Amino acid sequence: MKTLMLGNEAVARGLYEAGCSFVSSYPGTPSTEITEYVAKYSEVYAEWAPNEKVAMESAFGAALAGKRSFCGMKHVGLNVAADPLFTISYTGVNAGMVIAVADDAGMHSSQNEQDSRHYALSSKIPMLEPADSAEAIAFTKLAYEISEKFDTPVLLKMCTRVSHSQSVVEQGDRVEASKPYEKNPGKYIMMPGNAKLRHPVVEKRTKDLTEYAETAPINVIEKGEDKKMGIITSSTSYQYVKEVFGDKYPVFKLGLIWPMPEKAILDFAASVESLVVVEELDSFIETHCRNLGLNPKGKEIFSNIGEISQNIVAEKFGIDTNSGATIDAVIPNRPPVMCAGCPHRGLFYTLSKNKVTVIGDIGCYTLGAVAPLNAIDAVVCMGASISGLHGFNKSQDDASSGKSVAVIGDSTFMHSGMTGLVNIAYNNSNSTVIILDNSITGMTGHQQNPTTGYNLKGDPASKIDLEALCRAVGINRVRVVDPYDLAECDTVIKEELAADEPSVIISRRPCALLKYVKHNKPLAVDADKCRSCKMCMKIGCPAISMQNGKAVIDNTLCTGCGVCEQLCKFDAFKSSKEAN
Amino acid sequence: METKNVMIVGVGGQGSLLASKLLGKLLLTKGYDIKVSEVHGMSQRGGSVVTYVRFGDKVYSPIIDKGEADFIVSFEMLEAARYTEFLKPDGKIITNTQQINPMPVITGAAEYPAELEEKIKSAGVDLVAVDALSLAEQAGSAKAVNIVLMGILSKYFDFTVDEWNEAIESSVPPKFLELNKKAFALGREVK
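Protein sequences appear in the order of chains A and B.
The first sequence begins at 122 in the working numbering and counts up by one.
The second sequence begins at 1036 in the working numbering and counts up by one.
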């Protein structure tokens, strides 16, 4: 039966059909749904790990034990997991192991647009790249065959447009797969003596895989009628090429993006008058072609920044596209904002009001950086707030420590913030860390984590005691505040900044979007009392706007959190019941 | 059949994903090749959101580019204006007339443009502007704006009301079925 399936759901289906029985991942857009979908199959054990490194090492352990295993992550997550990646390449696997990495060209929800294909090359691990959901199922299953045949983990490269597009698939049945565990120290203990013997095995494997690539069923040449130009492409770029040219020109579609074939590409190049490579981000296929002595057109016409589209392909080849109608109006942007009732708002308002330098982190709360709060100074990567603050303060002999903080979410703290806090305590910088504990991983769409008390399947789980953890690593001052209480936030932040030792403030209130969170009645503005001072506009709440000079509340958005009410000096905010 | 393109645009949280799900299910029963693309993550937090629905004999690209949309279904007036350049010269925009101020307007850094309906029309666009929010409330919930808009869109497709209703049945929980069927009917009655 044909069904419409999201690319990520299709990877999950492929895992199920391939007999994968162990999944460990950390959420990250656009990869998250793979693991959420696969968790729905009772045959598959699936979990959220605290970070991608732990996920990959756990998946390795499962493969070692003889179970087909998987871990999924976004492109920057693979940086976190790069340490095991490069050495699992040496050990190889027992049962098959597949690692999905989802790139985000165009940075729809990411802090950089790195091209993960380079990881395949540098870790010497084969990488498959599906172009739609049907391929996502088929390539996932093939990845396990390759993994076991060539004794290697296999990378499955996704991207936003494949992960988050639904297309038509047909489903198959699950085939169980497992192998016995056998102790093999020479293969699995990577100390120098053994690793030196494994490296040549890896190089030989790459040669064998290159040979396999020459005739691999997922490297497909589509004949075109016009041999003036031949196009080598892959993934979503293939779709844009076909959208524009249909069957006009010969197309070499690479499903195995590393290692790439050599003879097959040389033969293809020889069969056409000119060669073009269409690929998003870096010159990867093109560089390979150049290494083979070819001189294709690639990045000299296509940018290595952002996504490609059918119009971009058309324009590069001089084909006219429709230019849409233009409107005689300036259209304001509609950037993402903190939701009405978001517990982060009151905390960021307090930091902004006190003119505190804020080293931020990755999550919904990065939105504290935008107007009108403008409360963040720097954001780099998961966990960097705490370690960044330590360096910021220590390098200035703590001259800055009375007016600077790190802010980090509960899930990000578990991911890679804890080690930074250990460093603050161990190397004693007088730093103040604020953990924004909203009891969920928010930005990626509400995933459980070790602080929430539930696991991926929704079952009760061990719950980290954040206060005890902070004390255990050596922080003596640990305070908890309710971010809806502006006076309390202000007092505690001032006290902890003034304190002469490291401290942690836990700003604790669950995400307003969580189903179990009960909202108060929406507030309303008493127009007679509103003096148009716009104090309530300083918190950037999407539920408040000024109309005809008076503050107005959108009662479809307002959760009655009361933060605006605390800012109003004229007592103009009332619960809607009172105002009526 | 040449590929048809429907864009569904709005503000994060307005329910555009249900609309695309419904459309996808209906098109699948007709045997089309289909691609439906959405962007998750950052764009959901009250930002501008866009979903692409493409169907035909063979659909390659998952996205709709400028000048390609046969229909733009918009949940909000400013978003209709934002994506007008994606419309084909003979395409049609169906929009809810609701205005939701984006943060730059709320903070006073930008203005919500006046008379957008007239401005879109004077750009030569075939525009159907409807107060879908009122119709959704009439059906029983402000959240049914998405289904009201699908009701309006349905008049331009060759599928029967029964076929649309079957797709609604397979897309919404049973307890909201009657509400959504009513919302669809109210949309379809719009002249």
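Hints are supplied without guarantee of correctness; some may be wrong.
Unchecked claim - Only part of the chain B face toward chain A is listed, based on derived beta-carbon distances under 8 Å:
no.: 1; residue: Ile1098
no.: 2; residue: Pro1124
no.: 3; residue: Ala1158
no.: 4; residue: Gln1173
no.: 5; residue: Gly1175
no.: 6; residue: Pro1209
no.: 7; residue: Leu1212
Claimed, not checked - Cβ-to-Cβ under 7 Å is the rule here; a few derived chain B residues that face chain A:
no.: 8; residue: Gly1050
no.: 9; residue: Lys1065
no.: 10; residue: Ser1072
no.: 11; residue: Val1074
no.: 12; residue: Thr1142
no.: 13; residue: Asp1161
no.: 14; residue: Ala1164
no.: 15; residue: Ala1220
Don't read these hints as lab results, they were simulated from the structure.
Values in this document were obtained by computation on a predicted structure and should not be read as measured data.
Glycine residues also receive a C-beta, built at the ideal position from the N, C-alpha and C atoms.
Hint check:
1. For Ile1098 (chain B), the interface hint holds, the least distance from its beta-carbon to any beta-carbon of chain A being 6 Å, beneath 8 Å.
2. Nearest Cβ of chain A to the Cβ of Pro1124 (chain B): about 6 Å, under the 8 Å cut. The hint holds.
3. With 8 Å as the threshold, the beta carbon of Ala1158 (chain B) comes within range of chain A, its nearest partner Cβ sitting at about 4 Å, so the hint holds.
4. Using the Cβ-Cβ criterion of 8 Å, the hint placing Gln1173 (chain B) at the interface with chain A is not satisfied: the shortest such distance is roughly 16 Å.
5. Hint status for Gly1175 (chain B) relative to chain A: violated, with the closest Cβ pair at about 15 Å, above 8 Å.
6. Interface hint at Pro1209 (chain B): violated, since its Cβ lies 19 Å from the closest Cβ of chain A, which is beyond the 8 Å cut-off.
7. Residue-level restraint check for Leu1212 (chain B) is violated (minimum Cβ-Cβ distance to chain A is 21 Å; threshold 8 Å).
8. Checking Gly1050 (chain B) against chain A by beta carbon gives a least distance of about 13 Å; that is not within 7 Å, so the hint is violated.
9. Here the hint on Lys1065 (chain B) is broken, as its CB sits about 11 Å from the closest CB of chain A, past 7 Å.
10. This hint holds: Ser1072 (chain B) has a C-beta 4 Å from the nearest C-beta of chain A, less than the 7 Å allowed.
11. With a cut of 7 Å, the hint placing Val1074 (chain B) at the interface with chain A holds, because the nearest CB-to-CB distance is about 5 Å.
12. For the restraint placing Thr1142 (chain B) at the interface with chain A, the shortest Cβ-Cβ distance is roughly 5 Å, inside the 7 Å limit, so the hint holds.
13. A distance limit of 7 Å between C-beta atoms decides the matter here; for Asp1161 (chain B) the minimum to chain A is near 10 Å, and the interface restraint is violated.
14. At a threshold of 7 Å, the smallest CB-CB gap from Ala1164 (chain B) to chain A is about 14 Å, leaving the interface hint violated.
15. This hint is violated: Ala1220 (chain B) has a C-beta 23 Å from the nearest C-beta of chain A, more than the 7 Å allowed.
Against the hints set out earlier in the document, violations occur for numbers 4, 5, 6, 7, 8, 9, 13, 14, 15.
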